[in-house]
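A.B. asks: Chains as they are written, first to last, in our numbering: chain C, 26 to 198; chain E, 16 to 566.
Note that these hints are calculated values from the structure, not bench results.
Watch out, some of these pointers could steer you wrong.
What the hints assert, rightly or not - In silico DSS-like links for lysine-lysine, alpha-carbon gap of 25 Å or less:
#, chain 1, residue 1, chain 2, residue 2
1, C, K80, E, K180
2, E, K112, C, K80
3, C, K159, E, K52
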Amino acid sequence: MPLIKSKQVVIDTWQHVDDEMALPADGGVIISLARWQAEQTVLVGRNAPLGIRLKSDEGVDTIINDLPRFGVVALEFPTFKDGRPYSTARLLRQRHHYTEELRAVGDILRDQVQFMRRCGFDAFEFADKTAAEKAIAAFDEIEAVYQTAADRRRSAAMIRNDTTNAFLNGTCG
Amino acid sequence: MYLYDAIDQSLVDQRVEQFHDQVRRRMAGELTEEQFKPLRLMNGLYLQLHAYMLRVAIPYGTMSSHQMRKLAHIARRYDKGYGHFTTRQNLQFNWPKLEEMPDILAELAEVQMHALQTSGNCIRNVTADQYAGAAADEVADPRITAEVVRQWSTLHPEFSFLPRKFKIAVTGSPRDRAAARVHDIGLIIKSDEAGAMGYQVIVGGGLGRTPMIGVTVHDFLPKRHLLSYIEAILRVYNQAGRRDNMYKARIKILVHALGAEEFIRRVNAEWEAIRDSAVDLPAGEHDRIAAFFAPPRFEPLAKHDALFARYRLEDREFAQWARTNVAPHKQPGYDIANISLKPEGGIPGDATAEQMNAVAAIAERFSFSEIRVTHEQNLVLPHVRQADLYDVWQTLRSHDLATPNLGLISDIIACPGMDYCSLANARSIPLAQDISKRFADLKQQHDIGELKVKISGCINACGHHHVGHIGLLGVDRKGEEYYQITLGGSADENTSLGEIIGPAVSYDNVVDAIETITTTYVGLRTDGESFLDTYRRVGKEPFKETLYAAH
Ligand code: HEM
Ligand code: SF4
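So that you can see chain C by itself, here it is in the shape it has in the complex (with noise of 0.2 Å):
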């Protein structure tokens, strides 16, 4: 599926694998939860790319303990209204440190883009390249930010008060 990342259309080196398909030979794989916690010490001694893809009520707990194997998290948005991952993606990013891959995946409307970057989303998986190509211009719409969130923009009161954002790398907040 096309991909974005850094504004661009992406060649996706890797492959969404189903719980029911058998593994690839070689190349980076991603897998469910289920299937990691299902055959953890086989995709560990694969010696390939790994990456996690979680459903959006199964939150960050179910995986900080494993996090650094992970190349890739993906977050599926099943319908564009839910917005759990939001709040995943950013505990990831501002309170565990994941510095990998952070992967939108699912019902993604171009109009969020912009929120999703904000949480500490770096890639974007649409449907097809016209909705891929349509939506990078929605990344920069609204320039102007109030809160302070994963992507280290300075929110408007920082820009008023010159203030810093130096707690960002600390916490999730």
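Since the structure of chain C is already known, use the hints to place chain E with the ligands on it.
C.D. replies: Below, chain E with the ligands alone, put in the same frame as chain C:
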């Protein structure tokens, strides 16, 4: 009043641009109505029974004469010449055209207004005590907190797709005029013995199909922690609130399901991780915002104005208005003047463009250009010299804005009901009109005294019927409009939910039923006892007896 700086303005302007493009995509067929829906809802645009409806935010109910004139202009130019002030201190236009919507939003942006977060499952336009900065009983001005919350919640990246809508109300006075206990979060500003300010934080109140009174989760939250604490509440809710059933998705259901203790434990655990982080305002920002709400330049005046006293003696009609519609101000020689939008037989909350302009002009001349909208769908001139009240009243009267019925039986809250709303079981507005006509005799209304009637056309409770002294809820009886009557509700500092007194009553019998209730009350009350106090003393039995014996 708060004034935008370049940052605030750029956000609103870019938002207009963004919406312009969304409307263009919709009109060009690039977006289906289904895809357009979440986008328009983020800009306060609803699809109603007959047309689109635009809900304009009036943050914490405060606006200037300049802004009111713009609303009047929009009502004239893009609508049918009127607007509707809502229970959430907003203004609705009922007949705007989709293709003109970007122009309307651009006009609003010119006067530092917008329609952001007036719908959708986000943190909605924050509301506050309409007497902020004026009330004699005020501890602190709630508008400062409300503006802090407005900015923090605007386009919040994490909390724009919550399980359900989220409403925050702020009051800075022990008399709760903001209904803090029936909001998702109610903030009550208090001061401790040392004079430091903090908040009583109440969570999980709400009406709708499962009415609940909120629980206090913090007795005294120091002011500087406000944003990290509410961010913690929202994060717990965003992750744990139900998303499988929209009727069980409000935070009140979560608080109830977890139990207050467990809910508080989770909030505190989250808060521990983020307090003292960059979520809270940097030093200086609170003061910067507070400076906008410094008191206007009041004149030093005597506590009681002699002229005001004389006019009250000489003009009985004026005296009547002054008694119901004027409230005490903290500044000597000033009072608060309430403008009723409930004329006899009128539509509660409606105002014509001509009336909006008149209010703007009066506020400019007599109230430092300030106007407030109340959650009871009236307007307020917050700072009027007592000596000017007679002039104010006469001018208001010439625009049919001086009905002396504030807090009386004809000062009714009514939802749009069957006239506008596809969910309605019954009419609300015509019923409000019929009640106000039946009790047209002002002497009788004044004799009955304070009595809040609230009408909802269905269980969603947009008309707040649960907290009406008399609540009327439209129900469907085999295709006919019936109304369930509740008594004893209240949304003030002693919040209570009304009790159902018996079988629902048909449309044709409701007004009679209300008269039976008021007659029963008048017979039962002790000297000077209000309806609510009487009801709380005697309970529902006497009312039930007279009401159902009569049928
Ligand atoms: C066609 C128009 C309208 C429709 C379809 C509508 C629909 C609804 C629905 C479905 C709810 C329940 C939400 C929930 O339980 O979470 C609700 C709540 C509410 N509505 Fe409306 N509404 C309409 C107009 C209005 C208007 C004009 C007002 C103000 C005068 C209003 C004020 C409210 C309020 C205050 C609540 C919140 C009650 C609570 O705290 O749960 N609504 N509305
Ligand atoms: S209470 Fe029911 S009828 Fe009235 S506006 Fe709300 S949804 Fe419509």
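A.B. asks: Hint by hint, note whether the structure agrees.
C.D. replies: Here is what the structure says about each hint:
Only pairs whose Cα atoms come within 25 Å are accepted, and K80 (chain C) paired with K180 (chain E) is accepted, the gap being roughly 23 Å. Between the alpha carbons of K112 (chain E) and K80 (chain C) the distance comes to roughly 40 Å, so the proposed pair goes past 25 Å and is violated. Distance check on the hinted pair: K159 (chain C) and K52 (chain E) sit about 18 Å apart at the alpha-carbon level, within 25 Å; holds.
In terms of the numbered hints stated before, the structure departs from hint 2 and from no other.
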